[in-house]
Amino acid sequence: MLKIRNGRDFVGGVAMIVVSLLFIWFGRELDVGNSFQMGPGYFPRMLSLLLISIGVLIILQSLVVASEAEPDETANWKAYALVILAPIVFGLALSRLGLAPTMFLMIVAVSFASKYAGWRHSVALALFMAICSVVLFTRLLSLPVSAFGPWIPFLGN
Amino acid sequence: MDIFSDLWLGAATAFHPVNLAYGFIGCLLGTAIGVLPGLGPTATIAMLLPITFGLQPESALIMLAGIFYGAQYGGSTTAVLINLPGESSSVVTAIDGYQMARRGRAGAALATAALGSFFAGTVATVLLAVAAPPLAAVALKFGPAEYFSLMVLGLVASVALASGSLLKAFAMIVFGLLLGAIGTDVESGTPRYVFDIPQLYDGLNFVAVSMGIFGLCEILRNLENEHERSVGVRKVTGLMLTRDDFRRIRGPVLRGTALGSLLGVLPGGGAMLSSFAAYALEKRVSPNRAEFGKGAIEGVAAPEAANNAGAQTSFIPMLTLGIPGNPVMALMVGAMIIQGITPGPNVISEEPALFWGMIVSMWSGNLMLVILNLPLIGLWLRMLTIPYHLLFPAIIGFCCIGAYSINNSVFDVFIMAGFSVVGFALFKLRFEPAPLLLGFILGPMLEENLRRAMLISQGDPTIFVRSPLSLSLLAVAVLVLGLVLAPSINRKRDEAFTE
Amino acid sequence: MHLKRFITLAAMAASICAVTATAGRGQDYPSKTVTVIVPFAAGGNTDAFGRLVAEQLDKRLGQRFIVENKPGAGGNIGLGELARAEPDGYTIGMGTVSSNAINQTLFKTLPYDKAKGFAPLSLIARMPNVLVVNPEKLPVNSVQELIELLKKEPGKHTYASSGVGTSIHLAGELLATKTGVKITHVPYKGSSQAIMDVVAGHVDFMFDNIPTAAQQVKAGKLRALAVTSLDKASLLPDVPTMDSVIPGFEATSWHGIFAPAGTPPEIVEKLSKEVQAILHEPAMKEKIESMGATPVGNTSEEFATFIKGETEKWAEVIKAANVPLQ
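Protein chains in written order, with this note's numbering: chain H, 1 to 157; chain V, 1001 to 1499; chain F, 2001 to 2326.
Simulated from the structure, these hints should not be mistaken for laboratory data. Heads up, a few of these hints could be off.
[Claimed, not checked] Now the in silico label distances, taken between C-beta atoms and shown as ranges:
# : chain 1 : residue 1 : chain 2 : residue 2 : range
1 : H       : Trp-77    : V       : Arg-1247  : 36 to 42 Å
2 : V       : Phe-1246  : H       : Thr-74    : 40 to 46 Å
3 : V       : Ala-1475  : H       : Phe-128   : 54 to 60 Å
4 : F       : Asp-2243  : H       : Ser-53    : 33 to 39 Å
5 : H       : Val-32    : V       : Ala-1131  : 29 to 35 Å
6 : F       : Glu-2148  : V       : Lys-1141  : 26 to 32 Å
[Stated by the list, open to error] Calculated Cβ distances over 10 Å to all of chain H for the following chain F residues:
# : residue
7 : Glu-2068
8 : Leu-2149
9 : Pro-2264
Since the structure is predicted, the reported quantities are computational estimates derived from the model, not experimental observations. Note that the Cβ used here is the ideal one computed from N, Cα and C, for glycine as well.
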């Protein structure tokens, strides 16, 4: 009976195969051509097939070679969610609120991804970053983004 | 000899107090902006370009060159301190530089980068002064077939970047090559994998992908196991290099300088290939090869020297042929055209003060950078003692603005967020990100040159072996592949026998 | 009597109000910062023209004109933003032959309404392309000789371009369709890599923007056969025009300034007049000519007619040459 000796690698091999299949599927309408007259689909198709075979080899290896013992990792879902969502919120809010409020809110929110965060520190850091980024990027480097966006009454433009 | 009168003319221009001042301001601004996460040389120059429009041509170019070196050095600083390469060539610096920082040797890593870069810059400047035209002739020898073979060699060598499983490193390279296929196909103009999103027509942006995969992903990893208040770097010792360090970096810096000077001349990817070619080479020849990937000082010295030497010699095609070899040089050409100077093969004879002034200013710029940065190392180290729970939100904030500033669009901010997820998943599955990024950079060049060569040869694949240059590059690639595979095949066999 | 006088007065008042109201929209403008979107990266030609004009508008109208680079997708991203902006004259933008005449046909979908388009303000400058050959690979001295050679060896010769669907590529396709020669197109990402490979002899010839190519010609690395404008170019005064060999051959890359569709006509008029005046200043003319371009500065209507003609011309070339749509 085959036994998975290295679960991580087994999943890794499967992941690579899935990635290749995605590239093959979404590129199904690209013209592949042949080795002498390569179409736009040739290169991605060949690479996908290569990645599938590497994925298969990784899976085979995971059935033969056992993984080394590693310390346990505990998932920290709160941190993942905050850190990954922060740039998305930043991107969505930037043109509407402007740089200063967006930066302030994002920094306050994301700082709670750490368990050592406290309100006082977070707000102070967020204020500092908001002022810094406005002075540096909108004033000195004239990045095309306003300090206060249209959603901010009186200040915005 | 003529060269001395030329250099004297250059020195008169470069050491003119006004130009010296603009050079210094350029270095200062470049370092200050480049050290912010996500702001590499291209973004920094693009942002600061308009302020040079009002200057004299010499001052403007000297200042821009200063910004370029400064930003490049600043990019290495963030690579070492927070594992965030701001441009493709510092991806390699991040591997061992960040490990050194984690072991409390950030000061030594930064000093190595500064001194190695200065040495390499000096050598490359001399080379530029004495041998620019013949080197440019070498660059012209590289056609699509030669570039393809060079890229193949680069890809084979990039396996050496991985410290773990070889098979998984191959998988990452191929994954990176696939990601590089996203965007408009250059040969046919067909959009690939763009899902009708206009921003994807130009492909994924390297800086956004790299900030997600390295920078944000590193924050996720640190927050996951937040046992202490400062998880980034545990302790900071050894501000300066020891005698032993000097002994260890001597060889790597020399070899890195040589590789960087040669590869930097090649437009389109030469300078970028040089840093990891240097790393791969050291990993083969160094007596401390076991330490690579865990904080070997050679792993910082060689790529940094190569990177800076390449940065200098990448001026050669622009200054002697009038052809910009990379986006930074294209910006410089744009600045020159606005100044009323169109760069071309005659720039040396028509604008000698400008040409030689720039060459001398390269050296003076590098000198200023060292003087500026060695004292700053203390300041950067102090930054590492900031508690991590205050540091990481600031890094995320700067990453967001940095991603925005690439194209002045929030799309790249979303791409960065997306790739932080990809990077974290790869980390969980123990795939290493550096080969992925190199595949991503090399992929489009590999494919373009392969298909361009076939187009030019009317579908005749012998074009790759007919050119002696291309043939020898391919032969080296096969040799390197053999060297890379041999030990691991032996190991596999041993493992199979012991079971 | 009273009533009549009152009515007259009222009518007068009303007409005065109406006049000041319509004039006011144009006269008060601009009362705040104006954004100039450049749909290409900083450092390129379009960026340079945009900044030159913005700087002068700044001086003349007493408000800040800030250039914003919004590069990507051949200019489509920046133009998409321009189309979405409030049509109040406070957002204007640059456009080129690619972004405003070629992309209309080349792209199946655009991020803005193709039919609605933009309000053209004025054509800023036209830049001729020049047909250059590598003298060692192609021993020809004139366009006639080139065509003869290409006819004798069909499919054997290659020409480089800065990418599929660029004005540089389409100039090559125009040559092929007008003369019936068979040539192989070798696209690059940007014209600097392309010209490098022509200089090195990996590719035989190309059409390129005049400033960079002229430098290579002066240094003897390339031979210029013809320029693609109807008039000879100031940077290469001895080079004949394509038109003199192949009548009707014209392929210039041009740069103009636009407002979003629906911008009040008074504001369009005012900006157009200012831009025209700027382009007639001797210092400005000299600056643009030193960059290898010809300053134009025409009215909104003239520019609109010009764009229409260009769009139709390139649509035909794209169709005739079977360039795949994106």
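Right, here's what the structure says about each hint:
no.	hint	verdict
1	Trp-77/H with Arg-1247/V: 36 to 42 Å	48 Å, violated
2	Phe-1246/V with Thr-74/H: 40 to 46 Å	43 Å, holds
3	Ala-1475/V with Phe-128/H: 54 to 60 Å	57 Å, holds
4	Asp-2243/F with Ser-53/H: 33 to 39 Å	57 Å, violated
5	Val-32/H with Ala-1131/V: 29 to 35 Å	45 Å, violated
6	Glu-2148/F with Lys-1141/V: 26 to 32 Å	31 Å, holds
7	Glu-2068	4 Å, violated
8	Leu-2149	25 Å, holds
9	Pro-2264	20 Å, holds
In the structure shown, a violation is registered for the earlier hints numbered 1, 4, 5 and 7, in ascending order.
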